[in-house]
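J.: Sequence:
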Amino acid sequence: MLRWASGITRLDHIRNEDIRKRYGLAPIQEKMREQRLRWLGHVLRASEQSVEKIAYEFEVSGKRPRGRPKQRWTDTLRNDLKIVSLHPDQAHERSKWRLQSRRADPASKRDKR
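According to the working numbering, the residues represented by the sequence shown are 1 to 113, in order.
The set of hints was computed from the structure by calculation and includes no laboratory data.
Every residue, glycine too, gets a C-beta built ideally from N, C-alpha and C.
Straight-line alpha carbon distances no greater than 25 Å define the calculated DSS-like cross-link-like pairs of lysine-lysine that follow:
#1 LYS82 x LYS53
#2 LYS82 x LYS31
#3 LYS53 x LYS96
Cβ pair distances, simulated, as ranges:
#4 GLU93 x SER6: 36 to 44 Å
#5 TRP4 x ARG98: 30 to 38 Å
#6 LYS70 x ARG98: 26 to 34 Å
#7 ASP12 x GLN49: 51 to 59 Å
#8 THR74 x SER95: 22 to 30 Å
#9 ALA46 x THR76: 15 to 23 Å
#10 HIS42 x ASN79: 17 to 25 Å
#11 THR74 x TRP4: 34 to 42 Å
#12 LYS96 x LYS53: 19 to 27 Å
#13 ARG68 x TYR23: 34 to 42 Å
#14 VAL84 x LYS53: 20 to 28 Å
With the sequences and hints as input, model every part of the structure.
T.: Written out as structure tokens, the structure is:
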């Protein structure tokens with residue numbers, strides 16, 4: 001979408017990350033990490049009876065299939081927390097959580113809140 005809006009075609013041989021840097025946009029992976037951490041903060045602050053908290057803490061019984069373990073949501077969140085040096089206990093302090101979880105450059109005015 002950004003390539004189309006800026007009038008750059010694939011024939012120009014310009015990488016997508018170079019286009020994002022030109023317009024000051026954060027990499028998609030960082031924005032996705034921000035959103036996952038934002039949702040995690042919401043879930044961790046929720047009451048114990050809320051649906052999202054119950055689903056987050058739900059343990060599935062049984063054995064996992066053979067082979068390489070599939071990447072789970074909790075594995076991804078654990079990795080995200082390690083990258084931004086956060087601990088789940090910090091989620092109860094909203095302002096701190098917001099400052100530390102928003103590491104990517106803002107992509108729009110909405111992100112500057």
